[in-house]
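*Asks:* If you want the building blocks of each chain, they are given just below.
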Amino acid sequence: MDGPDLSLHARARAVAVSGAALGIAAALGPFGLVLRVNRIARGEAVSLFSAFGPWGVALVACWAIVAVLALSSAPLRMRGIVGSLAAGAAPVLALWQAGSVAARYTLQAGDLARVSLGAGFWLTVAASYIAIFAATAWLKRSVVRGLVAYGPFAAVAALLASGALSSLGIVREYANNAEAFAKQMNLHVAYVGVSVLAGLVLGLALGLLAARKPATEPVVFGALNVLQVLPTLAFIGLLYPVLTDLSRRVDLFAAVGVHGVGWAPVVIVLSAYAVYPIARNTHAAFVSLEPAVIDAARGIGMGPASVLAEVELPLAAPVILAGLRVALVQSTAGAIIAGLVGGGGLGTFVFLGASETASDLILLGVLPIVALGLAFDRGLTAVETALTLWREPA
Amino acid sequence: MPSEQTRQRVVRWAGIAVLGAATAWMTLDARGFERLLKALAPHESSWLYPTKPLVTLMAEQVWLATAASLLAFVAGGLLGALALTRFGIAFRDLVLSAASLAQTVPTVALMALLVPLTGYGPEPVIVALTLYSVLPIALNVIAGIESVPPEVRDAATGIGMGRLQRLVRVELPLAMPVIMGGVKNVVVINVSAATLGAVVAAGGLGMPILAGFHDYNDAYILEGALPAIALALLLDRALTVRPRWDVR
Chain A
2 MDGPDLSLHA RARAVAVSGA ALGIAAALGP FGLVLRVNRI ARGEAVSLFS
52 AFGPWGVALV ACWAIVAVLA LSSAPLRMRG IVGSLAAGAA PVLALWQAGS
102 VAARYTLQAG DLARVSLGAG FWLTVAASYI AIFAATAWLK RSVVRGLVAY
152 GPFAAVAALL ASGALSSLGI VREYANNAEA FAKQMNLHVA YVGVSVLAGL
202 VLGLALGLLA ARKPATEPVV FGALNVLQVL PTLAFIGLLY PVLTDLSRRV
252 DLFAAVGVHG VGWAPVVIVL SAYAVYPIAR NTHAAFVSLE PAVIDAARGI
302 GMGPASVLAE VELPLAAPVI LAGLRVALVQ STAGAIIAGL VGGGGLGTFV
352 FLGASETASD LILLGVLPIV ALGLAFDRGL TAVETALTLW REPA
Chain B
2 MPSEQTRQRV VRWAGIAVLG AATAWMTLDA RGFERLLKAL APHESSWLYP
52 TKPLVTLMAE QVWLATAASL LAFVAGGLLG ALALTRFGIA FRDLVLSAAS
102 LAQTVPTVAL MALLVPLTGY GPEPVIVALT LYSVLPIALN VIAGIESVPP
152 EVRDAATGIG MGRLQRLVRV ELPLAMPVIM GGVKNVVVIN VSAATLGAVV
202 AAGGLGMPIL AGFHDYNDAY ILEGALPAIA LALLLDRALT VRPRWDVR
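Order-wise, the sequence lines are chains A and B.
By the count of our numbering, the first sequence reaches residue 395 at its end, each step adding exactly one.
By the count of our numbering, the second sequence reaches residue 249 at its end, each step adding exactly one.
In short, the hints are calculated from the structure, not lab data.
Incorrect hints may have been included.
Unchecked claim - Far from chain A, some chain B residues (derived; all Cβ distances over 10 Å):
#, residue
1, I17
2, T67
3, D155
Claimed, not checked - Selected chain B positions facing chain A (Cβ under 10 Å, derived; list incomplete):
#, residue
4, S4
5, A42
6, S46
7, G89
8, V106
9, V109
10, P228
11, A233
No experiment lies behind these values; they were computed from the predicted model shown.
We treat Cβ as the ideally placed atom computed from N, Cα and C, and that holds for glycine.
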């Protein structure tokens, strides 16, 4: 291996340039924005470049800056900062311009008209992700990296708050559904919270059991593996007759709303899926603990309970947290199914949108799911890193 | 320990045989399966989903998963191999990062979003499942080839193998368990997720399940759910290279 750091910077060039190339292709490609005379009509597709007029040139210029900087021999710090700012500016500019195209189009074509973000816009977002991913490799300070990587999110929030996007299709779907949106969002988060909590309790217990009593390991993981493999819809289908029967026989279940459809099967299915990653990581963490450390703790007179609570769990925590992170991301995406079986949540918008081919309504459900998943993923990754650093001071 | 290993192998193959027989029986013996559904849901007045016979639904399910998996093997294999070349190595970390990012997008949402481009039917499902599987395949190809010990690689070069020859004759065979692990996951996930294709009218075993939810008919739901579960478990067992708890 030749000078790893230097070659890493050189390699980032290729990635940044391909990000810029994708960005330019997306700006010139036909499906940048989709204009419709009403929310479910077949749309007329326009390229971002032609829709934005002079700002289209600015969009392409952003990508040109990224490409030229990547190929230049400018100082790494400058390449990193300016490159990622230009890459981050491109989708923000596109979104802002899409907002003003939407405002003009609705004025001209009437209030029923819709402007949706097309494939070209989403490819611009992907290009920005690729280019920023490459450009931040040129930056040493993680604070600067964080600022340039998350800056575009702040800019989008500002655009939303300013009202510049209020004519855009997805924002109008939100405005029409604001009350329902808050309710379904809360419900979605509740599904994730309850099922991951149940998964955490069961996963810790089963993972610990498998680590302490190796004879139980094949049984525990064999059973969890079966649950993991069941298709979501078929799993809910299998529960349907059982839960329907239970709610008929036991009044208490019926009173709290346990039915074949609704929240009950969703919570059961999501909890079952959440157990596996947590149990697997708990088991892996506990079997890899140094016996010497535990012996030492026992040697200074600690009982089994305090060894577990004060030595073993803290040492295993980062690995268990990684499992918890997987479970959280999975449940956030998985809870979409509740919308299909009368359980509510953000999936409601997705399935309603799917039946009407209203992409903006689908996105109103999907984007918050993706944002939540990302927030859980990044948030817990930060906690894992912090825990690991705190345990092993460099 | 050989007797323990033999025992595990016998249990594994017995499981595969039972699941395979159950899947085939439910799919092929419509009358017999209807009798089972009648026993499970005696209060219904109709037990088999009327629109399509189960054998067609099963064929659609298998076709959706097979088409998506094959496309993903080719694309993911190429992407993984590309990410290991001198030029492509720069994209390695990007593939890793994008693969974890893709987890946050629900499969069925991607299917629904593709409908304006592809129309309703099998196309959005095949495209969505393929897009989903490409990165995990690439990831396993990268992880598998990187797991080959450097000594082995050096030895291969030492006896005069070229890069391509080393890849085909040494690295790929050694990486196979890891790659096959990824292949198994992708196939099992695809055959499971294909059930959701019913949402965009792609056919498959999800059709009777959704119809059952719609009409409150337990029998339709079970008609789709039982074979879907048997098929997923069968593939999971059949494609397992080694039992999970065997690997230390």
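*Asks:* Hint by hint, say whether it matches the structure.
*Replies:* How the hints compare with the structure:
Against the 10 Å criterion, B/I17 stays outside the reach of chain A, whose nearest CB is about 14 Å from its own CB. With a minimum CB-CB distance of about 16 Å to chain A, B/T67 clears the 10 Å threshold, and the non-interface call stands. A cut-off of 10 Å between C-beta atoms confirms that B/D155 is not in contact with chain A; the least separation is 13 Å. The interface hint given for B/S4 is violated, since its Cβ lies 16 Å from the closest Cβ of chain A, which is over the 10 Å cut-off.
Given the 10 Å rule on beta carbons, the hint for B/A42 holds: about 6 Å separates it from the nearest Cβ of chain A. This hint is violated: B/S46 has a C-beta 16 Å from the nearest C-beta of chain A, more than the 10 Å allowed. Look at B/G89: its Cβ gets to within about 8 Å of chain A, closer than 10 Å, so that hint holds up. At a threshold of 10 Å, the smallest CB-CB gap from B/V106 to chain A is about 6 Å, leaving the interface hint in force.
Look at B/V109: its Cβ gets to within about 6 Å of chain A, closer than 10 Å, so that hint holds up. Nearest Cβ of chain A to the Cβ of B/P228: about 9 Å, under the 10 Å cut. The hint holds. A hinted interface residue such as B/A233 counts as satisfied when its beta carbon comes closer than 10 Å to some beta carbon of chain A; here the least separation is about 5 Å, so the hint holds.
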